[in-house]
Amino acid sequence: MTGKDEAELSGLFRAAIAGDERAYADFLHRIAALIRGFVRRKIVQGGVDPEDVVQETLLAIHVKRHTWREDAPVLPWVYAIARFKLIDAFRRRGRRIEVEIDEIAETFAEPEAETVSDRDINRALDGLPPAQRSVVSSISVDGHSIGETAVKLGISETAVRVSLHRGLAAIAKRFGRQ
Amino acid sequence: MRTEDLIKALDADAQDKAMPLGKAWWLAVGVAVVIAGAVFFATIGPRPDIMPAMHTMRFMSKFVFTLVLAASAFALIRALSVPGASTRRRMAWMLAAPLLVALAVILELFVVPEADWGKRLIGSNMMICMSFIPLIGIGPLAVFLGMLRYGAPTRPVLAGAVAGLLAGGLAATFYAAHCFDDSPLFVATWYTIAIAFLTLLGAIGGRLFVRW
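Order-wise, the sequence lines are chains A and B.
For the first sequence, the numbering used here gives the first residue as 1, with consecutive numbering after it.
For the second sequence, the numbering used here gives the first residue as 1001, with consecutive numbering after it.
Because the hints were derived from the structure by calculation, they are not lab data.
Backbone N, C-alpha and C define an ideal beta-carbon position, used for all residues, glycine too.
Please note that the accuracy of each hint is not assured.
To be verified - Below 20 Å or equal to it, Euclidean Cα-Cα: the simulated EDC-like pairs (lysine to aspartate or glutamate) are:
id, chain 1, residue 1, chain 2, residue 2
1, B, Lys-1008, A, Glu-21
2, B, Lys-1119, B, Asp-1016
3, A, Lys-152, A, Asp-142
4, B, Lys-1008, A, Glu-70
Unchecked claim - Heads up, incomplete: computed chain A residues facing chain B, CB under 8 Å, no partners named:
id, residue
5, Arg-40
6, His-62
7, Arg-69
8, Pro-76
9, Trp-77
10, Ala-80
11, Phe-90
12, Arg-119
13, Ser-134
14, Val-136
15, Gly-143
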């Protein structure tokens, strides 16, 4: 993590908030890799799957992106959310974790690749109303576009967008409540 | 679902726009002032001699205390609702209102003969003060807790308590226009108890409702 990263990521996020989907995808991929490194370093005793925390953090970043001030650096904002979600993940499992806010540990968070296993998010997805669940999984797991999903399910693109938005918000909320 | 897949879904939802939090806070304060004002004017309203009262130091000092409290709490709660925002300086500003009150109390103790201290402290309105500040402030508190849910406070209990202080500062500003007890001795005691109640309520609300 360098000042250059910060400037690039802030720039991408600003473009994303203005509606640039390619910038947003790029931003999310890079942020996911950074959070993965951060979370894996913090979870030393096990008990919590790092990738679950990565996914929860990404969802929180998404549904709370209006809280970022566009003139502020983005990485402290991202790491504060990751830290909050990490503590929350331990709390939900009846454990406590001390996560100190040391800038140094974050500085060494290197991008890392994902490992595959059963996910909390699948359970959250299964809890959605059928209409939302089919839209969210069509776009995520099956990798269809909004247009393709609309054709496949026989509904309008607007309906797809609404279901997607509500479905993601519901999953994020479920994580917060668990 | 792999993280890759999740990113696809988030990306497809990129077009959705929510009001920036900073702007939403100003809107919330506007709504809260309207609610507090409506409750105030519908119930107790300003005291009849408010015009002459405005020429006295003691009367006007009440607004200094309550507005300083509200302004410092507003600055702090906005920072507390953003992850990673620095709050240390804004926390320090929260001392301003208590310090001003403490200073006024000391001055009052010098100016007023000891025999009158008890009378000034008890005043004539303390039950009204302790019930109407929470009553005027409860609506604004609900608005501010709603705003905390819209935001992303990483310390929900603290943020909830500050929401209570903000609601309390706002409610006390209205209430001060009604109250005949202008002595800092009265304000330091009963206003503080009433505002502390809203603060406690806010902290509980933060604990129970502000999850994200």
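* To do: Check each numbered hint from earlier against the structure, then list the numbers of those it violates in ascending order.
  => 2, 4, 5, 11, 13
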